[in-house]
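Novice: These protein sequence lines map, in sequence, to chains A and B. Heads up, the first sequence is in this note's numbering, so the first residue is 1 and it goes up one at a time. Heads up, the second sequence is in this note's numbering, so the first residue is 1 and it goes up one at a time.
Don't read these hints as lab results, they were simulated from the structure. Some hints could be false.
No farther apart than 20 angstroms at their CA atoms in a straight line, the calculated lysine to aspartate or glutamate pairs in the EDC-like style are these [stated by the list, open to error]:
| no. | chain 1 | residue 1 | chain 2 | residue 2 |
| --- | --- | --- | --- | --- |
| 1 | B | Lys55 | B | Glu225 |
| 2 | A | Lys236 | A | Glu286 |
| 3 | A | Lys236 | B | Asp177 |
| 4 | B | Lys170 | B | Glu225 |
| 5 | A | Lys236 | B | Glu225 |
| 6 | A | Lys101 | A | Glu183 |
| 7 | A | Lys46 | A | Asp63 |
| 8 | B | Lys17 | A | Glu207 |
| 9 | B | Lys102 | B | Glu310 |
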Amino acid sequence: MKINQKIFLQLGIFIIFFGLMGILINNLTVNLARTGIGFNFSWLFKPASFALAEHPLPFTSSDSYAWALFIGWLNSLKVIVSSLILATLLGALIGFARAGKNSLLGFISAAYITIIRQTPLLLQLMFWYFVGFLGLKDNMFIQLKNIFSVSNQGIEFSGLTFSSEFLALLLGLSIFTSAFIAEVIRGGILSVSRGQWEAFRSLGLSERKGFIRIILPQALPAIIPGLTSQYLNLAKNSTLAIAVGYSDIYAINDTIINQTGRAIECFIVLLVSFLLLNLLITNTMEIFNKLILKSRKYS
Amino acid sequence: MSKINIYSLIIHFKNLKKTLFSNLFNTTISFLIIVLISVALSNIFVWLIFNANWKVVTSNLPLYAFGSFPANARWRPATWIISLLLLSIFTLCGPKWKWLQKNLLVAWIGTIPLGLYLLYGGFGLSPIMSRHWGGLTLTILLTVCSSILSLPFGIILALCRQSSLPLIKKLSSTYIDVMRSVPLIAVLFFGQLLIPLFLPIGIEIDRVWRAIFAFTLFVSAYIAEDIRGGLQSIPYTQIEAAKSLGLNQYQIIQFVLIPQALRIALPALTNQSIGLFQNTSLMAILGLVELLGVGRSILANPEFIGQYIEVYVWLASVYWMACTIMAILARHLEQRMSINQAYF
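The following block holds chain A by itself, in its conformation from the complex:
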């Protein structure tokens, strides 16, 4: 293409794109003016006047909407980080079982993976919440010397209480993500050539030592990018918390929209908080990735 042609094409697309945006925004302002809501963010500092069952920092209904949103963001972060750890552990276990030699173990983990991956996450979350936790009867207390107790209110562990909403979400997200992580880990292990296995065996290393010292370090660079994308998926999937009544960032936005009708502003808040979460996860994983690459270089 000639340079003139390129400039005209881009100019044309520029005009079409921003013209379209202009029409949409014009429609929006007309519609907002008609409903009499308008567009501003001053409501953020008004009292929220709703209670939250779950708050890591103190929260009362007289606190502002902005504080409620921050609490929701913290709640999201809490469930994401804890299920991230649990999912990685579970996924590693299942991935190793799937890649290992024991065919019975491989069969079980393959069955686990297809069942978990071929059913919707939302259904699984509802299952864990309504069947797993609310299904427990009040008299079905499992108590161990006041240290550990399970009921339909959740789990109490030496003073720490976890609500059943949090636990159902944690369990559902971890189990769902672990099936995907297992496949990532299996792929990573299989990407290490067979020669490496034969080499460490011929050097007389034990299976366990060879796996940890030889195979795993070579598999990690192939595993980390897959893990990062699974972690991002986990973060996005955590918004399904609303189905089990856990007050994460999406659920709180939803409540605020129902109360104030400020859908556009809340949507923007949601987008920004998710961009922040994504940045947090990708940057952490990037640091981790660099550390691993560095440690390989020096070894």
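Use these hints to put chain B onto chain A, whose structure you have.
Specialist: The following block gives chain B in isolation, referenced to the frame of chain A:
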């Protein structure tokens, strides 16, 4: 024949012994698993046969399949689902006549207008509003329409992201990155609550089409990335060869890049549509009565209160079956594509 079978069976057992009972650790694990599986299986079996009350499923089968579709018109979605099933069976194990194989694609694409006609009515059938659509029918409709619509959109986005024009490149990569960092439920929420705000007064799109639009916006960003992967794996020599044959830029895209990129991206694309099928369940939170939504409304019925396990197990098996059928069809498609490749 039988001799070979027995021989291979013996080898199989020897292999089993080698893999399952090679050392003490493996032996204990294998025994533990066998015990656990048999206890779990027997418990599940007893529950399935004796303890579960399947009335909540059997008495509501039409609801699961068609939602609140008027009873006298239920044959319409039923015809559609059955024709889809027959077509799948035909594709997988039908006769290998050439004219049939050629027309299968046309038949598959034809199922969409057929389904829409059967659901909407008109032209001789009584019209039915989209708020009566529901159950498995709606789930399939959402999946099929959204995946068909997001394919061209995704291809355009992928091509734009590879473009040499900086403005086009920037716009499409921003769109793709933002869409991929946002949770699906937020996009669906946008579709249900915010799209009406962006439309001029007097124009309304019904809920089902708003959902399909939102799914398309979301999935096309993912499809674009898959296709971009395909585009990037095409060696540059292909483009040079096409140029030296005198093809212009659009011919190169149409005849060289897109067919190859689609073939490479095919497994990823079919995974996207299986994922989409599962994700349509999110509409249950946002007010459409698709398969999971039907389950929720049945559980809210006082007659069936508390029968969560039966309903969820049933729904899970329906989703599982449908996803498995889709995966098998996808593998079949991949095999056919790779056979075609062998002719080159």
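Novice: All the hints need checking, so say for each whether the structure fits it.
Specialist: The hints, checked one at a time:
no.	hint	result
1	Lys55(B) <-> Glu225(B)	violated (45 angstroms)
2	Lys236(A) <-> Glu286(A)	holds (19 angstroms)
3	Lys236(A) <-> Asp177(B)	holds (14 angstroms)
4	Lys170(B) <-> Glu225(B)	holds (15 angstroms)
5	Lys236(A) <-> Glu225(B)	holds (18 angstroms)
6	Lys101(A) <-> Glu183(A)	holds (16 angstroms)
7	Lys46(A) <-> Asp63(A)	holds (8 angstroms)
8	Lys17(B) <-> Glu207(A)	holds (19 angstroms)
9	Lys102(B) <-> Glu310(B)	violated (43 angstroms)
Against the hints set out earlier in the document, violations occur for numbers 1 and 9.
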